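**Q** Chains as they are written, first to last, in my numbering: chain A, 965 to 1226; chain B, 3 to 385.
Calculated directly from the structure, the hints in this document are not laboratory data.
None of these values were measured; they are calculated from a predicted model.
There's no promise every hint is true.
As the list claims (entries may be wrong) - Where chain B lies over chain A, by a calculated footprint (3+ residues, C-beta under 8 Å):
hint: 1; stretch: 1017-1028
hint: 2; stretch: 1035-1043
hint: 3; stretch: 1128-1138
Said to hold, decoys possible - Below, in silico cross-link-like pairs of lysine-lysine (DSS-like), each with a Cα-Cα straight-line distance of 25 Å or less:
hint: 4; chain 1: B; residue 1: K194; chain 2: B; residue 2: K231
hint: 5; chain 1: B; residue 1: K332; chain 2: A; residue 2: K1169
hint: 6; chain 1: B; residue 1: K231; chain 2: A; residue 2: K1169
hint: 7; chain 1: B; residue 1: K194; chain 2: B; residue 2: K222
hint: 8; chain 1: B; residue 1: K79; chain 2: B; residue 2: K222
hint: 9; chain 1: B; residue 1: K15; chain 2: B; residue 2: K79
Yeah, the Cβ is synthetic: ideal placement off N, Cα and C, and Gly gets one too.
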Amino acid sequence: MITTTSPFPTLLFALLMLLSSPVLSAESLVYLFSFNYFKQSFHHQLGMTFFTNYTRSPVLGTEFIFSNTQAYPVPVYTNVYSLASLTYEPQFRLIEFGSSQSITLNTPLTLGFSMVDVCISLDDFDRRSYSPESSETAGQSFETRSDFLGWGHAELGALGVYNIGRNATAENTWPVGFHLGFGYLYTYGPIYIEYLEISRSDYAKYMRWGNLVGRLGMQTGPVGFSYTIGLDQTTVQYVESTGSVNDMQTSIYHKLTMTFNL
Amino acid sequence: MVLLAFCVFSCQKVEELLPFEYPGMLANRIGQVSVLEDGTLLAIGVDGIFVRYPDNSTSVVSVNSSETDLNAAYGMKFLKGDNVIYGVNVFYVLVIRNDGYQFYSSDFGSNSPLSYPEYTITPDNELLKLSYGESRFNQELNRFERPIRISRWNFSGWDFADSEIYISDNNSSSSLTMVFQTDYRAYLWIDKLYEIGYNEYDDIDFEEIIPINGDISSNKIYSASPYDKEIVGFDREINEYTGANSLNINRSIIFNTSTGELSGSAPSDNCGVVPFGSLNFDQYLGRHGSIAYFYTNIVFNQFSTEYKRGEVYAYNMSDGTCSFNAILAKGPLRELDIQIIDLDIDVRNELLYIGTNHGLFIYDRQNHSVQSYLENLRDDNYN
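With the hints as extra help, turn the sequences into a complete structure.
**A** This is the structure we're talking about:
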């Protein structure tokens, strides 16, 4: 007898259901999103993270270190260290295949309690808080700050998600469900700037960016987990005046979320 | 998960931030700026000479500022040959190539008159100089006189040949006016007008040209240059290379080499011709077609309502009318401690290159925007 109290029998049951279900057989019925049946076509969740969300923007600007005849570009980017975040995620079932599978449009909106800093990497081991003030330091085009820039970030995005099992449709009664999605998340931060003397407009170009993301998730009962990862992670190579080449990763996105059905 | 892992590790992009040439000297004092006819830009600063060629490639000729070389470079006239730029003044010839530079003494002897020679680049890519030769006594005319001398640069000195045109020593203190054509012919304008052929190195032929109206000797022409079938110039000697102050002209002079007609025009009232109908300016920027460009500095007053640093006059030499283009005290030019030292005009791109005590700036004459050259360079490379 298969019980659903331990995770492994649950996963096994889900796998059996998946293999035995008429995934796209002629008998399956296909339903499209309809406002007339909005309640059946709509689902929403609340997500939470605690120290499980880290984001780094792409290169948002370039500053320079000068020799007599050369300018050496160094990357400027923004780090978001999320302490906690809350996500509200509506899901619109665009297409349902029978009662066990669907493709949904998910539009998560996240508010994060996070430390946000605009940074500049001078080499592999020398990363500093960046200031866009005009440089008064010889040999470089930028200035630095002594502390991080501000608090809080927001995200808005859209993902196309393939769902199977629990929550895939309103009727589904499987004990567990899975989903796989791809989309784009737009991040804005910091929401609150730490220092009054800093003008938000000076940092405007470093405060918003987007990430291509992929997501894998599992749902059992009203609770689930999902892991979202950036798909456009980029290795930035830049040269020091000594000739050595530095590598750093940008466009990083990692987020492990605990979800609750609403 | 496999798909995600595949994407994360195989779709990963690599972005390179590559260094680029950055002439840091352009952030410091720029004492002279020259834009040549083909668009080549030269800026002389405390660390050397910055050159930007028409294809946007650049080089910095490092000159030790403690040497006399750099001082010699200021005030030079620059001419462009194939793969070489010549800087010339009465004392030196500066030869700039991509891989370095060399100063040569210009054989300026004690017997030479203090007049500025004329230079040109021949169709064979030679540097040519027109000047006065050594003084000698002419017993028939009972006077000291000097021949007109044509010299060719041989990269160690001047080879020269004297013509049969002799000028009284009394008249040889004024600068020569030579208008070079592209076919080894030139017009020499002294107290008479000669058409000279100098294709044969030691056989300089010449023919006097007499205008159908007017008198050459009473219409001395300066800073003349060819334009279509005309020789156009001014009635006063001006030096576009040294940026001397408080210059003025009273009229333009035009000689049509095809019809032999001599004409000219005085600056019209809209040129602000004071006093006595002369056009006053601080620097002659050069000529493009029949339009001559002058710069007038305006002493910057932070309480001024117009906030102008200067004005560029476009003077139509044919009809004497002027149009004006202000250099507004915008952006970095708003700073009182930035002093304009020298500037030149890039007519084709409607730009001014301004040398200041805080570096080189680019001024867009159309939208009156100003940006430091180095910021512009950075934007071109990284924005």
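**Q** Each hint: holds or not?
**A** Hints versus structure:
1. Using a Cβ-Cβ cut-off of 8 Å, 3 residues of the stretch 1017-1028 of chain A lie near chain B, which meets the minimum of three, so the contact claim holds.
2. Only residues whose C-beta sits within less than 8 Å of a C-beta in chain B count toward coverage, and the stretch 1035-1043 of chain A has 5 of them, enough to reach three; the restraint holds.
3. With a cut-off of 8 Å between beta carbons, the stretch 1128-1138 of chain A has 0 residues touching chain B; three or more are needed, and the interface restraint is violated.
4. Only pairs whose Cα atoms come within 25 Å are accepted, and K194 (chain B) paired with K231 (chain B) is accepted, the gap being roughly 19 Å.
5. Between K332 (chain B) and K1169 (chain A) the CA atoms are separated by roughly 24 Å; this keeps the pair inside 25 Å, and the hint holds.
6. For the hint pairing K231 (chain B) with K1169 (chain A), the CA-to-CA distance comes to about 56 Å; that exceeds 25 Å, so the pair is violated.
7. The suggested pairing of K194 (chain B) with K222 (chain B) holds, with an alpha-carbon distance near 9 Å, which does not exceed 25 Å.
8. Taking the CA atoms of K79 (chain B) and K222 (chain B), the gap is about 22 Å. The hint holds against a cut of 25 Å.
9. Only pairs whose Cα atoms come within 25 Å are accepted, and K15 (chain B) paired with K79 (chain B) is rejected, the gap being roughly 50 Å.
Violated hints for the displayed structure, listed by number in ascending order: 3, 6, 9.
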